[in-house]
Structure formats: C-alpha cells, structure tokens
Amino acid sequence: MAVIRFDPDLMQALINDLTSYAEDANGERGNIHQVSENNSHPVSSAEEATRTQPSLTGTWAGANPISGSTVSSTIEYLMGLVEDMKTRRQNILDINNNGIITATPDDGVITYYLPDGAEDTADNIRTSNTQAATDAKNDAASLSQALSNPGGTADDGRTVEQILDNMTKYQDLPVYGNIFVNAYGVEKFIELPISMYWRYAKYTGQKTAQYGDYSVDQEAVSRANTTLGHVLGSATQASEAPGGFGSWADAFYTTVTADGHHGRISSLNALLAAPGALYGTRTLVDLVTKMENLDKSKGGYYDGDPASKTPDLIWGYLDVGFGYNYNEGRALPGSSMDPMYGVMMAMGNNPKAALTYLTPDGSVGSDGEWKPGAATNERWAFLKSRARDPEVGLDGFTAAQAAASSLRSSEDPKIAGAATWSTARSIEYAVNDLSTSQYTETMKENFSVLVANSAEEVNNVARGGSPDGLGLDGNEEADRNTISSLIYRIIDNKNASATVFSALAQQSMNDHKDITSSRDLTSKYQDLGTVYGYFNAIASQRMEDISDTNASDAQTDKDSVSTGTSIFFMVLGANISGPVAPLVWSVSTTIVKPFIVDQIAPDTAPAPESTVHNGRYSLQSMAYADSVNSHVINDPGAFDTSYLQDENNKPYDWYSGSGDTPTFTFPSSPTNTQNAQIHNWANKVAAAGKDPAHVLDDVNTAIDTGVNNGTSQIAGEDGSGGSDAPAITLKK
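Here the sequence shown is numbered in our numbering, starting from 13 and rising by one per residue.
These aren't lab readings, by the way, just hints derived from the structure by calculation. Heads up, some of the hints might be wrong.
What the hints assert, rightly or not - Only pairs whose alpha carbons sit at most 20 angstroms apart, straight line, appear in this in silico DMTMM-like list of lysine to aspartate or glutamate:
#	residue 1	residue 2
1	426	340
2	696	709
3	364	19
4	383	424
Stated by the list, open to error - Each pair of labels, with its calculated beta carbon distance range:
#	residue 1	residue 2	range
5	649	426	55 to 63 angstroms
6	129	743	49 to 57 angstroms
7	143	532	43 to 51 angstroms
8	669	525	17 to 25 angstroms
We put the beta carbon where it would ideally sit given N, CA and C, even for glycine.
Based on the provided sequences and hints, a complete structural model is requested.
Laid out in structure tokens, this is it:
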C-alpha cells in the first residue's frame, strides 16, 4: 500500500508558478510571431512554430511537449498539466471536506491511502479511504472481541494476528488511526500493550503459592506494539483531540494519571517509543511539558526506578504518616515507568517537536549567533539533572537531541541557530556529563547522528582546525578534544560507526566537487588523506583499548570499528566511480536517524575485518581512477591496451572507452585484485614516461602527507611531516 502526503498550499504555489511561466512564454510566442509577420514570415518554420494561439483557459488537448511541432502545443500541454493539477487539488480538498480523509492539524498536509497497484485518481482515493475508515471501525470492534475471547478470535472469525495484519496495512494513515482509536476508546487503547503481553504469555508452572511462572513471546509483543504505536501516532495527526478530551496530550496525560491507573504510563511509553511511529508535533510538545510534573524533582512520583523492575501490577504499602496501601493498576512488565522516556523517544521521529521542546525560547543576536533564553537554560538544567530511568532514560533524551540536530540545515536562521546550539550542548553533555560506561547501544547510534550533522566542523578538526560554527563552549583545544572523544566513544557500535564514517566521507567529497587540474586533484587527496588519517588514528586507538575487554565482545567491537572504516572508502569510491557504481549511502545535508548496516544490500555490504583498512593504498586506487575520469591524465599513451590487461591478456573489467575517451569505472568496494590492477596500470604509465606532469607521483605524495597530518591530530608529531596542531587528548 501507499500512504501519500499532499500539501494543498504547495500544490497551489506550483500551479501559480506554472501558470505564470506559461503566460509569459505565450507572450513571448506572440511577440516572435508578430515580428515574423511584420517581415512577411521570412522563415516558414518559425511562422509555423509560433502561429497558433493556445487557449490558456481551455482544457488540455493532449499535445506532446516532446513531439509537438509548435511552441503553442508545448504551452498548451503545460496548461493542460496545470488544469489537471487544479482539478486534482480540488478533488482532494473535497474528499477532505467530506471527512473521508483528513488534514494534519500541525501543518495542514492531507494524507490518504491507496492500495498497491491502484491508480492515483479521485475515485480511487475516495473508494480506498472510505474502505479504510470502514476497516478501522471493524478492526477496533474485532480486536476487542478477540482479546476478550478465551479462544482468541473475533465474531468475524479473525484472530488477533489477522486483525493486527490488517491494522499494519493502514498503520500510518491518519483517518484510520483516528477512527480506530476513537472507536476503541483512548483509555482501553493505551492499555493494549498490556493486553498484548498477556495474549502472548504462556503459563509454565507455579512459582509460589500466589504467583505463577510465565514465558512471554517478546518478539510477538514487540511486533504488536509497533503496529499499535504507529496507529496511535497517526491518530494524533488526524485531529486535534479525541472524543471527550481537549487535546491528545490531555487524553494521554489524564489517562495515565487517573487514580488507580498510574501503571498505564509503562504501556503508553511502549506505544510512544514504537520504532518509526510519527506523533503530531503539538501532541508531543504539550505532553512532554505535562509529563515533567510527574518527575519527583517537580513534586511527582517518579524517582528513577529502572524499566526491568516494572511489575505487572503497581501496588504496595506507602509508609507515610499512618501509612496506606495503594494500587495503581496494571502495568506492562519490563517497560519504563519514567514519564519522560516515551514522549522523548517519540520526539526522535519528529525533529520539529524535539527542537521546540529543547529550545523553547531564544533569539539570533547581532553577531548572527542564536542565544538561548531563560526557559531554554532552565529546561536543559532540568533534563541533565533529573533522576531518569537508569536503563533507558538516556535513550529517550538522546533520541530527541539527535532529531533536533537534523534541523541545522534549515533555511530559517532562527531554527538552524537553535538546532546548532542544541547540538553543541548535546555533544558537550555526552562527553562532559556522561561516562562511556553509561552509553547504551541506542545512545551511541543517537550520538552518531549528532556527529554526522556536524560533518563540516568535524572534518575541520581532522585537518587541524577547530569546530568553528558549532558553538561549543570551550577553547579551541578543548573543543577539538570534545568532538574527537565523542567519535572515539561511539565507533564500537557498527551502526554508529557507519553513520559517522559515511557522513564524513560524503562531506569530504562535497568539499572537492570539481576536479579540473592536477592541483585540484592533489589538494583533494591530501585532504582525504588527512581526514582518513584522523579517523584511522581514532579507530586504531579504540581497537587497542577494546582488547582489554573479554575476547568475544572485543572481536565484535573491533569488527564494528572496521565496518566504519570500510564504509568510509565505499562512500569515497562511489563518488568517483561514476553512475555504474552503487552508492551505499546517500548522505543529505543532515539526517534524523542513524544508518543501519544490516540494511545494506548483501552484495555491497562490507565484510568485517579485525584490522584497520589499508587507507593509503585504497586512496591511491581512487586517485588513479579519479585522475582519468576527471581528465587530469589524458595522454592517449597512458591507455595503451598492454597497460590495461592481466597476465592472460584479458582486459580489466573496470576499464572502458579508448585512448581518446577513457573511463575507469572502478568499484566503490574493490577487491584486492582490482586494487592491484589499477596500481599495475599506474606503475606502467610512470615507467613508460606517459605521465610527464608526474600527476601520479604528486598525488601519492599528497596522500602520504595528508595521512601523516591526520594521524598526528591524535597521535602527535610522528616525525613524518605531521601537522603542527597540538595532539588531541581523548576523554575515554
């Protein structure tokens, strides 16, 4: 199925722009035709091409803009598209006004559903989404029946699993989520993760006189809760409030703070933390400010109990005054009772909500830098000091930090400035306020997003500079130490390692887009060598320190570090190999989520290695290919067929073209054999004097210089012409 987001305002802007363009083009057509007519049409083809006056208010006559023989037919075709867009926009607005589909309260974007293979037409939108609404009502009733039936089936014969399958099909469609949750009831829906837990629990024997032993299919529970979290998230995008409540935030907060039902916070957290679930911005911002009140530091009940201690029932004896028994209802065993955890995890999927919460006030000063207000400083002080869940609380906080950092690329200086300020505080917090032992695997991945979204500043550090523009609080030396220490701490997680190394490789390539001379080429590869040397030195230090852990974990961690360095070269290679080579990562200016190594296609995934990548050799291979593809080496003699074949006289598979138009389509992840082949070519060219400008020698020297410079950032002056910048001190 396809869930389509339609922005009527942007569509109208496009319609206006295309209409204006067509009208201007038609005016020019008329002017040209008039000049031709005034001169008795000296060129008949020009008269023909500009003769017909298109109807700019009529319907599309179906002219083909490619095969059309006149300017008029092309303009008419364009206006036909405009009319089609007008009709389509109005149809979707009409369907929205009829309540079949809904607009998101946050931004007015209309979301609708189409089944696989269905054409995107007004009739299909109406039919499909009417069916989705019907299914939502039926699924809500059936799920309630199936969960209450000891046999696990609904009146329509469907099992819980079959109902969940249909829910998953619609899970991100706001109209479905809104109807389902309202039909099921918000309070009952929030307790669904608890119901699912017992659905997949199996009695295994008597534990004590009062309690039984159970085994639970946690994978099935997680799968169900992911679907439920998406459905609830989509519901918050469909309307501002569910029935009976002032807002979704009010509904959630009221439900989990009702007397006798505080245990529900564990269930709501499971829904909010569902991977990829998108909740409305206003819902999250309003909810998190309400949830702050449940923190003990603000007079609430939560004082830092870990998720693993959450029982299936919140009850006990409170020894206050005369003392009293309390029962706060069912809970989801093993799910966090931290009131801030779930909503901040949800913010990890909604950058706007994350940044709004983390930087509630502030402004851009006369110096162009964003300065926080009192509320922002107060919020960070609270978030850094509160007694959060010691097991997962930081996962939520850092998820919000990572999402907020993605807005550094915003064109709005206030948003970009706030995001940069938040990113800097997050990096400082990670290194200065937390020990490496506190990092969970999720935190490492979240922190890798901070680094990836600071790629420009980090690459500057690698080259001996400071992370200017990021706004860290220390002096230049301290700032260099801070950003490098964070990289050191997280690259033993393979997804974090891949995120950091791929983003920074892409940044390195972006800094050298156009190669037109040997000077450009050597500058590029000296910089790439410097960045590689810096990362390689950090990776080598991390591997050395990992050896102190137990053998099994150490090998896994070493493989993670090596995966990152391998992907660094895969990204570099893909950028110089041309369109034939598969680009493993396509890194935009900023990212919201870390890259997942296991999602790389098996035929392009790097094999883990326990040793650090041979970077100089790989960079040389890339530079040789780049020198040819950018035409820096263009002597036809350099492409003698005898230089480009193996010992069996078989041409290398990465070479194509001829001496006049050679192309080296070198793989982004070459084999050892292919690396040796391109080095053989370079050696033969140099020996035969076919590189009179010594481009290949110069680029080799540039790489050596760069690697030494980068290595010395971490290891200090090594006597090999390293950087003059002081060595970075890693806070391990």
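Status of each hint after checking the structure:
1. For a cut-off of 20 angstroms, the pair hint linking residue 426 to residue 340 is broken: about 44 angstroms separates their Cα positions.
2. Using a Cα cut-off of 20 angstroms, the hinted pair residue 696 and residue 709 holds, with the two alpha carbons roughly 13 angstroms apart.
3. Between residue 364 and residue 19, the direct Cα distance comes to roughly 17 angstroms. Compliance with the 20 angstroms bound is thereby established for this hinted pair.
4. Taken as a hint, the residue 383 and residue 424 pair is honoured in the structure, with Cα atoms around 15 angstroms apart against an allowance of 20 angstroms.
5. Under the hint 55 to 63 angstroms, the C-beta atoms of residue 649 and residue 426, about 58 angstroms apart, fit the expected range.
6. Evaluation of the 49 to 57 angstroms hint for residue 129 and residue 743 yields a pass: the beta carbon distance comes to about 55 angstroms.
7. Taking the beta carbon of each, residue 143 and residue 532 are about 58 angstroms apart, not inside 43 to 51 angstroms as hinted.
8. Distance hint check: the CB atoms of residue 669 and residue 525 are about 23 angstroms apart, consistent with the given range 17 to 25 angstroms.
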